[in-house]
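S.K.: We have chain A; now place chain B onto it with these hints.
If you're matching them up, the sequences are chains A and B in order.
Just so you know, we're using full-length UniProt numbering here: the first sequence kicks off at 1 and counts up by one.
Just so you know, we're using full-length UniProt numbering here: the second sequence kicks off at 1 and counts up by one.
Hints are computed from structural coordinates only; laboratory data are not their basis.
Owing to the predicted nature of the structure, the values given are computational and were not obtained by experimental measurement.
Heads up, some of the hints might be wrong.
Quick list of the computed label-pair ranges, beta carbon to beta carbon [said to hold, decoys possible]:
| no. | chain 1 | residue 1 | chain 2 | residue 2 | range |
| --- | --- | --- | --- | --- | --- |
| 1 | A | 243 | B | 165 | 17 to 25 Å |
| 2 | B | 186 | A | 117 | 41 to 49 Å |
| 3 | B | 25 | A | 131 | 30 to 38 Å |
| 4 | B | 34 | A | 60 | 36 to 44 Å |
| 5 | A | 207 | B | 204 | 23 to 31 Å |
| 6 | A | 224 | B | 60 | 29 to 37 Å |
| 7 | A | 263 | B | 155 | 36 to 44 Å |
| 8 | A | 8 | B | 207 | 58 to 66 Å |
| 9 | A | 213 | B | 57 | 50 to 58 Å |
Heads up, the beta-carbon is just placed ideally off N, CA and C, and yes, glycines get one too.
There are 2 protein chains.
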Amino acid sequence: MNQPALSFEQLQQRAPLALRQSIAAGHYQGHTSGLGQGRVQANIVILPSDWANEFLRYCTLNRQACPLLDVTEPGDPFFRNLGTAIDIRHDVPRYRVYRHGELSEEPLDIESLWQDDLVAFAIGCSFSFEQPLLDAGIALKHIDLGRNVAMYQTNIDTRPTARLGGKLVVSMRPMKAAAAIQAIQITARMPNVHGAPVHIGDPSLIGIHSLDTPDYGDAVPIATDEIPVFWACGVTPQSVVQASRPPLCITHAPGCMLVTDLWNSAV
Amino acid sequence: MNQPALSFEQLQQRAPLALRQSIAAGHYQGHTSGLGQGRVQANIVILPSDWANEFLRYCTLNRQACPLLDVTEPGDPFFRNLGTAIDIRHDVPRYRVYRHGELSEEPLDIESLWQDDLVAFAIGCSFSFEQPLLDAGIALKHIDLGRNVAMYQTNIDTRPTARLGGKLVVSMRPMKAAAAIQAIQITARMPNVHGAPVHIGDPSLIGIHSLDTPDYGDAVPIATDEIPVFWACGVTPQSVVQASRPPLCITHAPGCMLVTDLWNSAV
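One chain only, chain A, in its complex shape (with noise of 0.2 Å):
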């Protein structure tokens, strides 16, 4: 912690075990968009085991909102099937706490409250499948714009388990028709980074009454020619775990994700 912290221009350039060192030793705190090399980035969500048993099965029946890419043993740090020694205490650049369901601190580490019990989930992220779209030639107004993807709470109810369910969380892209149209085929072909579509065109139709405020992330402006297409999104099981109020549930903080070992174009 000691050291002078890396430029992200300096992060670019590291592979994504080395990537995980930086972040490990203290060197970097931020977000993770546009890091790693086109390696999968996960969102976190980690529990106790009798709260995290129940995630999982919440997890298996919403598989569109938690596409599950690794967890882990109860008390065991590190993710088996992500890469090489990526240990869930140190590895994200920034966490968040949550104890009965309302944020407690954002350490840059979580050292200090691993238990023998805790059991971490990596989540699949669009961010995965935002390479293949701009691969394709189609344009992503939010990265362009420099802003984050907009998300907005939904009416499209979540399968419930006995303590975990609610609604449905979006991610929206707007898009011309066409694009629009092979972004479908190409994201049902990703279907552990959320899959094809849930929605496309009228908001109001889910239950989002206003585009101009999404409940997360940045606003998009939208061309009369572009129709909203939205995506199932990595925040509705965190959302989901906040409203059941569990002891603990200890996430990565916004934007700051996994980095993990798995290619993009591979998931």
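M.R.: What follows is chain B alone, placed relative to chain A:
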């Protein structure tokens, strides 16, 4: 021709070869929707070889509107790649003959019109993708209403050859957003029958000013929670050829297609 006509119900029982034999014998002169037991039905265009060579280039350049299933050798009346003993002079229930772009006759047989330089084209048709849509639980309103699908001239230019060119004709099916997303995925896997849609949403963006007045086929109502989905249509090549006024062009009469031996699920 002196045998009694067969009922539609009798014809539905017939496998493709027996159905074609009944048609060739003059026992049926109607539309083929619902006949052929799940086999591919084809749009037919027949041209003298001079025009045929250019039409083949046109189809190659405009594959989404003109997906070629088979082409005959000049003067050969048999489609060799679509099934057993398919004689294009007899096997279509009803033909249309255009001379210099004008409809001149609607015969049941073109034996007497056959020439040594005629080339026949079999072009994929959206009937083939409607069954997989229905099998996926997607309602098709024109079928529920017993109507022909609605088709529209657009302002989208096709890729021209020297003498052939014009605007794309599309078929339109209204769907709820979730069904539209699914239909895009299903039809994208069927490039030989028009593939993915060319447009979704606002019809005015492709030059269609009123969905209530289709240029071909029948209008269907669109509910407020439905989105219009537009596919390239096999009427495009017919419309383009007629506009160029070749001395002779023979097509199937609308809805009276060639029933082949190919399975819909294999194209």
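S.K.: A separate judgement is required for each hint: does it hold in the structure or not?
M.R.: Here is how each hint holds up against the structure:
A hinted range of 17 to 25 Å for the beta carbons of residue 243 of chain A and residue 165 of chain B is inconsistent with their spacing of about 59 Å. Our hint of 41 to 49 Å for residue 186 of chain B and residue 117 of chain A holds, since their Cβ atoms are close to 45 Å apart. A C-beta distance of roughly 59 Å is found between residue 25 of chain B and residue 131 of chain A, which places it outside the suggested range of 30 to 38 Å. Roughly 41 Å separates the CB atoms of residue 34 of chain B and residue 60 of chain A, a value that falls within the hinted 36 to 44 Å.
Distance hint check: the CB atoms of residue 207 of chain A and residue 204 of chain B are about 27 Å apart, consistent with the given range 23 to 31 Å. Here the CB-CB span from residue 224 of chain A to residue 60 of chain B is close to 35 Å, well matched to the stated 29 to 37 Å. Distance hint for residue 263 of chain A and residue 155 of chain B: a CB-CB separation of about 41 Å, consistent with the stated range 36 to 44 Å. In this structure the hint that residue 8 of chain A and residue 207 of chain B lie 58 to 66 Å apart at CB is violated, the actual value being about 46 Å.
Evaluation of the 50 to 58 Å hint for residue 213 of chain A and residue 57 of chain B yields a pass: the beta carbon distance comes to about 52 Å.
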